[in-house]
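Working from the sequences, and respecting the hints, build out all of it.
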Amino acid sequence: MAELELKNLYDDFRDGKTLKAYARIIAEDAEKLERPINIMEVCGGHTHSIMKFGLPQLMPENINFIHGPGCPVCIMPKERIDHAYVLSQQPDVILVTLGDMIKVPGSNGSLQDARAKGADVRFVYSPMECIKIAQENPDKTVIFFAIGFETTTPMTAVLLNQVIQQDIPNILFHINHVTVPEVMKELIDSRDVHVDSYNNKIDAFLGPSHVSVIAGSKIYEPFPREYGRPVVVSGFEPVDVMEGISMIVKQFVEKRCELEIQYKRVVTEEGNLNAQKLIDTYFDKVSLFRWRGLGNVPDSGLKLKEAFEKYDAEILYKDVLPIAEIEDHKLCICGDILRGMAKPPECTIFGTACKPTTPIGSCMVSSEGACAAYYKYGNLITS
Amino acid sequence: MNKTITIAHGNGGEENNELIKNIFYKHFENEILSKSEDAAVIEEGRLAFTTDSFTVSPLFFPGGDIGKLAVCGTCNDLAMMGAKPKYLTCSVIIEEGFSSRELERIVRSMKKELETNGAMVVSGDTKVVPKGSVDKLFINTTGIGAIEQKGISASALKEGMSILVSRDVGAHGATIFAAREGIELESSLETDCASLYPEVKALMDAGINIVALRDATRGGVAAVLNEWARSSDVCIEIEEENVPVQEQVKGICEMLGFEAVNLANEGTFVLVIDKEDEAKALDVLLQAHETSAVIGRVSMEHQGRVLLNSSWGTKRFLDLPTGELLPRIC
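So the sequences go chain by chain: A and B.
Using our numbering, the first residue of the first sequence is number 1, and each one after it goes up by one.
Using our numbering, the first residue of the second sequence is number 1, and each one after it goes up by one.
Hint data in this document are derived by calculation from the structure and do not stem from the laboratory.
This list has only true hints and no planted wrong ones.
Simulated restraints on C-beta separations: (1) B:E301 / A:I131: 49 to 55 Å; (2) A:K277 / B:R180: 32 to 38 Å; (3) A:D328 / B:K35: 39 to 45 Å; (4) B:N22 / A:M128: 39 to 45 Å; (5) A:N38 / B:K150: 54 to 60 Å; (6) B:E95 / A:K117: 19 to 25 Å; (7) B:A288 / A:I131: 42 to 48 Å; (8) B:K158 / A:E28: 42 to 48 Å; (9) B:A288 / A:S126: 36 to 42 Å.
Covered stretches of chain B, going by a simulated chain A footprint (3 or more residues, C-beta under 8 Å): (10) 5-11; (11) 14-20; (12) 313-320.
Below, in silico cross-link-like pairs of lysine-lysine (DSBU-like), each with a Cα-Cα straight-line distance of 35 Å or less: (13) A:K20 / B:K315; (14) A:K250 / B:K250; (15) B:K136 / A:K132; (16) A:K330 / B:K26; (17) A:K355 / B:K26; (18) B:K158 / A:K355; (19) A:K117 / B:K136; (20) A:K20 / B:K250; (21) A:K318 / A:K132; (22) A:K264 / A:K250; (23) A:K17 / B:K250; (24) B:K158 / A:K17; (25) A:K117 / A:K330; (26) A:K132 / B:K127; (27) A:K20 / A:K255; (28) A:K255 / A:K32; (29) A:K185 / A:K52; (30) A:K250 / B:K315; (31) A:K264 / A:K343; (32) A:K52 / B:K275; (33) B:K250 / A:K218; (34) B:K3 / A:K117; (35) B:K84 / B:K201; (36) A:K355 / A:K201; (37) B:K21 / A:K355; (38) B:K315 / A:K264; (39) B:K250 / A:K132; (40) A:K52 / B:K158.
Yeah, the Cβ is synthetic: ideal placement off N, Cα and C, and Gly gets one too.
Put into structure tokens, the structure is as follows:
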């Protein structure tokens, strides 16, 4: 029974005939457009789907995908990765994080390199696995290097909740959670340093559905209302993305500017109130969080509340953690790519000095990164 | 290349190739090695010779164990050169404290698999090392086989030839992921771990001219196809919907963000034959597995690359897997 349900979850959403039908609808509607439109998919998960399923090849010429900053690995500044590296070097520490994070290069190397040199670095599928690791290693301190957007924040909150309830003495947290709407505002508000003007190319946003499963679609309300940018909250399967694009194009044809939900099967306006309550219990906003390539984005990061400082590795280990901000490699244009100002093949080191095996910029590291997706799936076919 | 060796260097993909090329091939270079086949062809094409080490964790998993793997792996490398496996050596490195009962269970499993191949272990070595020096048990097997069909080669692919897989792909990799500590999945999934000589013999007995043959171990089907495309300087075009993948494997891939074609197999091979042999070869393969399929063909569209065609008319490259297989974050 469980297997049957799993199959149903994706089979219909990858149906070739449905995809072709959406491609026809989009093409017909796009003929009525007065100008080309650029649609930013905020989330790296969307970028990955779009490239993996070759969706740009189904688009008419006047519909462009531009790629946003929504990959937790891509936006992590080097100094935060250095924090993880330094923490992994501390005596009796087991550093635990999620997936791709262990591949991102810091100033001294990646966490993978730290592990090859003897540090105990582990990746987990769920933060809750930290509890088992902590129980099996009572003499060690497990530090969970927490990353991700609204989607992964509740898992960190649940872990902390369990640590407190079960009185687990040896789990600490290094918090790097960030929020989506704030960076979307930043992309529209900020001046482009190259031309010193507000010339972002974003006409509409495809909003990530998993973020709204937690935070609700309401977080995007300001964008159509205050910024004149329609938002469609969309799922990640190719049929979902195509339907989301079609909904955006229809808004332009019908001269509407609204917040709509494509992924109605799970997303509501309010989101998961229990998860939101748990996040509010443990986290405060930080006034500035530095995003890789984008710089400081107001109110976009989270930290543990003062009452939970005894679980905060960033505070407990503050004497050993580096504080200097580190600039990106001067040839790397990840910042422009994350702003939707440039596409990966426009970077001079794309696919040459910077490849998934030897990443210079973090957009090439994670499978959610735009550069990695272009390199892996379509550097010749779609560029 | 990185200054230190990381887990990624053993992934069967891009980093693994770099490591082999930049260190081992550089110093060991010779005409036989540089052919880079599953097994070395020696003694004027009469014998195939190969070695492999097995370090799988956990040691026992649904459908197999490290012993079965250690015999299948080496015998399959011989079978992939059209050779009948004959003589094996077996070398084990054991961590102190290992249970002798489990060791015997592993050796019994090896014996059973040797019988399937009609091969025997004729020499061996045992080392016991202090706790922590190895993860429980490592096994190395080396094998010699008698070549029964000559000329099978990764560099013999020509435009128009057909690409087949012997069964559904990714079952071993998905089983190991599901069996590893930390992923508690309810699944009846089993490894595909099996000896392939009987299937290869059936193909040869049916008079099929095998052009290229490779078991899709680490790096999966994607690694084999990429290697062939490079070695023969051709394009391999795959129809994505024709690649057979069990629903459970698809499920694990969906959850963790993997592709089944990148997952390891231990009893699945990819086959290249002339177009006119296609129906006959598929007939033979279907007798062993009902999931065998023709998945694509050789073309010249993007030489050296593997192209994946979707049922909705888009194309993308299928690259060599890179890095350690890591689950996606969200």
